[in-house]
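Peer 1: Next come the chains, spelled out residue by residue.
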Amino acid sequence: MKRSFVIFVISIINCVAWAQTATVQPKIMVIPYTKQGEDIAQVLENDVNKRIVLTKVKEAFDSRGFTTVDFAAKLKSLSRTEGLTTDSQSDLKSMIIQQSGADIYVETEMDILLSSSGNSVKIILTAYDISTGVSISNKVGESGKFYTDDIGKLGSKAVEKIADEFLDIMQVKFTDIVNNGRSISVEFGFDSASALSMSTEIGNEGLTLADQLELWMSEHAYKNNYHIQGTTDKKMIFDDVKIPLKDDNGNNYNINKFGLEFLRFARSLGLQITRNIANNTLVITFK
Amino acid sequence: MMLLQSLLLAYAQYNVTAINATNETVTMRCVGYGKKAVAAAKDAELSAIRTLLFEGVTNTRYTMPLISEDRLTVEAKFRKFFDDFYNGGYKDFIESSVVAVPFGKNDLKQKCIVLDVCVRVPQLRRYLENKDIIRKFGL
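Going line by line, the protein sequences match chains A and B.
When you line the first sequence up against our numbering, it's residues 1 to 287, in that order.
When you line the second sequence up against our numbering, it's residues 1001 to 1139, in that order.
Since the hints were made in silico from the structure, they are not lab data.
Computed from a prediction, not measured in an experiment: that's the story for all the values here.
Hints are not guaranteed to be accurate.
With a Cα cut of at most 30 Å, we get these calculated BS3-like pairs of lysine-lysine [unchecked claim]:
# : chain 1 : residue 1 : chain 2 : residue 2
1 : A       : Lys-242   : B       : Lys-1136
2 : A       : Lys-235   : A       : Lys-153
3 : A       : Lys-27    : B       : Lys-1111
4 : A       : Lys-74    : B       : Lys-1136
5 : B       : Lys-1077  : A       : Lys-173
Distance windows between CB atoms, simulated [claimed, not checked]:
#  : chain 1 : residue 1 : chain 2 : residue 2 : range
6  : A       : Lys-145   : B       : Lys-1105  : 43 to 51 Å
7  : A       : Phe-146   : B       : Asn-1020  : 16 to 24 Å
8  : A       : Ser-115   : B       : Thr-1063  : 26 to 34 Å
9  : B       : Gln-1123  : A       : Thr-285   : 47 to 55 Å
10 : B       : Phe-1081  : A       : Glu-201   : 56 to 64 Å
11 : B       : Gln-1123  : A       : Glu-142   : 24 to 32 Å
All residues carry an ideal CB built from backbone N, CA and C; glycine is no exception.
Okay, chain A solo, but in the shape it has when bound:
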């Protein structure tokens, strides 16, 4: 009897443990800064110091138990699958950012200052949310002047000085996301053959489609937190909509589930839609 009770208690504990879902972590990618038209692959291949700085930034993330998406590996894999040539690499950086599946990218810029009183390196780290373009954390680090030609070492020194603070600021933003939801953007548009527009009256209350969309958004955005970028007769863009990390049952909640909720709402109004998701942007097209 006693043994059965112990087994029962252990199985209950197991069930509780399994019921807790680990939060899906954002994917972070560290990339080098490139000027307009500069070939990002060449920038990395030709400059060992930039690779050192990039690795140093990745190390800082690793030290906090967070693994980043490897930029060099993504670059190689994309070059293979997309058959990229140097001619088509003018906007390779945007393409990698878009196709890497990363949610956040950290841009590292290195400025080398050579002088007779010693050499120094300045590092600028900037983290961006890919979906909204919002800057998450910025920090400038300086190595200080040293009589050395080892630029990689100076770069590492500059990164070390600011890495902790840079990550701490990012963590503050993550805590804000946990408390107030993560940002997505939602775009509503119409199929070319659609007879609808934003001013079409939908439903029994005589409200226009634009009104219906805003009412739905105010009910479904986390803590009623959303921002409308603009509305025209053929388009309505919510550039920042907060969605929770978890649903009411403690399961992970994402942009796809948010889209599903909208699909149900659209069907309840007798509307047909298509959904597309790319980089935390939900694109809804009314047929």
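Chain A is already provided as a structure; the job is to place chain B on it using the hints.
Peer 2: Okay, now just chain B, sitting in the frame of chain A:
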């Protein structure tokens, strides 16, 4: 009485100055007060720890506190943890504690000691993460 104690705690200033910071440690010069040298030394060490936890150490890479929430709220929320931690658990994260000015009376006739306290920050952070006092990096 409790309210007065809370107010005193909330506005207590730590007498702490940063000396040096590396990737692994931060060293602070701390003044500790107490009737006896041992109590004053503990007060100095706890000032260093509390500064790191709740205030951040200015002019170092650890300017942001390890715990971003209000001190009284967190200490009340994890009362058992902090009771154990302040009663000796914190010593695991102190690399060195060197007397800079021996125990004695200061200009205000207060009995105090000045220590250079070196704290292992990444280990302390990991410990707090593992005990669920702070969240790990990420969401």
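Peer 1: Taking the numbered hints from earlier one at a time, note which ones the structure violates and give those numbers from smallest to largest.
Peer 2: Per hint list: 2 and 3 violated.
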